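Asks: Single-letter residue listing:
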Amino acid sequence: MIRFIIRRLVLLVPVFIGLTLLVFTISHILPGDPVKLAAGPQASAEEIASLTREFGMDRPLPQQYWHYASGLLQGDWGQSVLTRRPVAADLKIYLPATLELVFAAIILAIVIGIPAGLLSAITANRWPDYLIRILSLASIAMPRFFLALVLQLVFAMSLAWLPLNGRFPIIDLPPPTVTGMLTLDSLLAGDWLAFTTSCEHLLMPALAMSLSPLATITRMMRASTLDVLQQDFVLTERALGLSQSLIILKYVLRNAFSSTLTVIGLYIGWLLSGSVLVETVFDWPGIGLYATKAIVTQDFMPVMGVTLSIGFIFVLVNLAIDLLYGVINPKVRYQ
Amino acid sequence: MALLSIENLHLSIQSFDGEAQILNGVDLTLERGEICGLVGETGCGKSLTGLSVSKLVSSPPARYGQGAIHFDGHDILGHSENAMRALRGRRIGMIFQDPTTNLNPLFRIGEQMIDVALHSMGANRWSRSAQREARERSIAMLERVGIHDAHNRLDDYPHQFSGGMRQRVLIAMALIGRPDLLIADEPTTALDVSVQAQILKLLFDIVREDNIAVLLITHNLGVVARLCTHVAVMYAGRIIERGIMADVFNNPSHPYTKALLGAVPTQKTRKGTLQGLGGSVPDPYLPHEGCRFAPRCALAEARCREAVPPEADLGHGHGVACIKAGVSA
Ligand SMILES: Nc1ncnc2c1ncn2[C@@H]1O[C@H](COP(=O)(O)OP(=O)(O)OP(=O)(O)O)[C@@H](O)[C@H]1O
Ligand code: SF4
Ligand SMILES: [Mg+2]
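So the sequence lines, in the order shown, correspond to chains A and B.
Read in order, the letters of the first sequence correspond to residues 1 to 335 in my numbering.
Read in order, the letters of the second sequence correspond to residues 336 to 664 in my numbering.
No lab work stands behind these hints: they were computed from the structure.
Small disclaimer: the values here were computed from a predicted structure and weren't measured.
Note that beta-carbon positions come from the ideal geometry of N, C-alpha and C, so glycine has one too.
No false leads were slipped in.
Derived Cβ-Cβ restraints for the label pairs, each shown as a range:
| # | chain 1 | residue 1 | chain 2 | residue 2 | range |
| --- | --- | --- | --- | --- | --- |
| 1 | B | Ser340 | A | Val332 | 45 to 51 Å |
| 2 | A | Val332 | B | Gly625 | 55 to 61 Å |
| 3 | A | Gln230 | B | Glu641 | 38 to 44 Å |
Computed from the model, here is a short list of chain B residues facing chain A with C-beta under 7 Å:
| # | residue |
| --- | --- |
| 4 | Ser389 |
| 5 | Gly424 |
| 6 | Met429 |
| 7 | Asn437 |
| 8 | Asn439 |
| 9 | Val451 |
Sample of chain A residues with no beta-carbon within 12 Å of chain B, all distances over it, derived:
| # | residue |
| --- | --- |
| 10 | Leu19 |
| 11 | Leu21 |
| 12 | Glu47 |
| 13 | Ser50 |
| 14 | Gly56 |
| 15 | His67 |
| 16 | Ser70 |
| 17 | Leu72 |
| 18 | Pro143 |
| 19 | Phe146 |
| 20 | Val150 |
| 21 | Pro163 |
| 22 | Leu193 |
| 23 | Asn318 |
If we strip away everything but chain A, and leave its shape as in the complex, we get (with noise of 0.2 Å):
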């Protein structure tokens, strides 16, 4: 189990390598200059040119390479053209608040997908099956963005239950930062009215998020049960007589569980990536909307910290999944 994890760990190392000379060489061999677009149209030629030295950009692109690596190393991710701030510490702000976003979006999406999707396989072509498939299907069907401007419209505007944006209202006090994910940093300051407030603010980013995770993890739930339905073990288990609900939640839910599993780590992925139109919508602000302004102003270095960042807990994820996988599956567990 340990050596299986350092071995996996030690892993990442080539992986993050290739990773920031990938991002570093597409970042840098497209056309445009973001010195220029940081110090504006008046800025004259020299101004640029200092700029351009300040930030180390007239150097030849393996030396930039190298000094950016070694920075890294020292945790100093580089510093934004345009704000002049250190990117760590950007990061350090935005990438919590959409890890919570995608953390909270993938739990709903299991909570509710997992049931779902189990009721859908025992009930197959009756009822609560057409209901569950057609609503999935919808679901993927309907964009995010639109799924999130309905629920802003119904449950902001005409109902007023939760907040329109946002993540935290200004003149409430927030939790002290421990991990930077505003309902668990207020779980743990015992702090009750912070952490309803948080979770208000949360709900709806996180179900439009959810939506296509949700609908993904119901139809592969669906398949899964049913194959393993035919499993001859299932007919071991009916043969010898125990219970529909023993077979079901206990023995089959295990087996479709694990098949669906990997799905959710690839979602995770993707969701990280793909936080910005929610994250918009919400004005909620996370690595999306960060990685937006810093890709339309060609300022480099936010950029290369949210792929970063974006692919680091992406292995990591995956990481724990396997292992997960590995507790559920005793045969993986053991080679």
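Since the structure of chain A is already known, use the hints to place chain B with the ligands on it.
Replies: Relative to the frame of chain A, chain B with the ligands by itself:
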């Protein structure tokens, strides 16, 4: 009254190709202590007959027509799922062909076995003392089927056992409730030849000790000759000959049985082909009248095709469904 009696059982299966008549009037009885071998070509309906006894055939797509199954006073086909659960694992045990697929790979042997034991005891799953008792019974039963160090092996997963050992576990699970009837559907077909005999001996030692009636579905006539008290020969969804094993083997009276027994000694004949028997199994999707063996039967004549031949009794319960029963071929 017989422990198990299947009377004129009809079963059809609905599929994309239409409705297939799978069982066409199966008649079979089994008394306590009897071991009946059920033999017949692939696809003739042996497994579906066995599953029907525990009402495990899912309908739809299957549909029962005429006929009934009685097990110790219970009208099986009329029973609800709950009523059936009270019989399964307690009064009727089952073993299937492939031990690698019949154990759940994600759960420890002990976990699966204890759940079966708890059900067979009729105990509350959440009671600690019942759990402990179920565990002890499981260990005892595993020891009985020859699994050493059973209390440690309860914590092992199926893939940590060999095929033969897994089948022992499944035998233990099927018999832990001390059933009156065991249905064993080709229990050794998927095993290495070297362990087949071992497993069969083990199974039949327990069955005789506990006086359990057995319906043994098999392709192996040698096994029937060695272990069974009775035999029933099935063809195209019907029992065409049945009786005490020695009677049927010494005096096979249906042309199909004769062909089947004739096929035994030659080891070269491929599985599924019968010596001196051309043609193949009839298509269950096609409508039919009369004796279904007629197209392959050397003795067939016009009247064979007119009506389904009734079962003639040759004495001592030796029944033959052929109008020429007793006539030598
Ligand atoms: N779910 C199903 N749908 C359609 N046809 C089925 C289904 N299950 C079984 N059958 C058909 O019913 C017939 C009898 O099947 P059964 O499994 O009882 O045969 P069997 O005598 O046990 O054969 P084998 O010796 O190969 O195990 C076969 O022709 C099979 O194709
Ligand atoms: S009834 Fe006729 S066709 Fe059928 S087995 Fe007997 S002789 Fe052959
Ligand atoms: Mg079969």
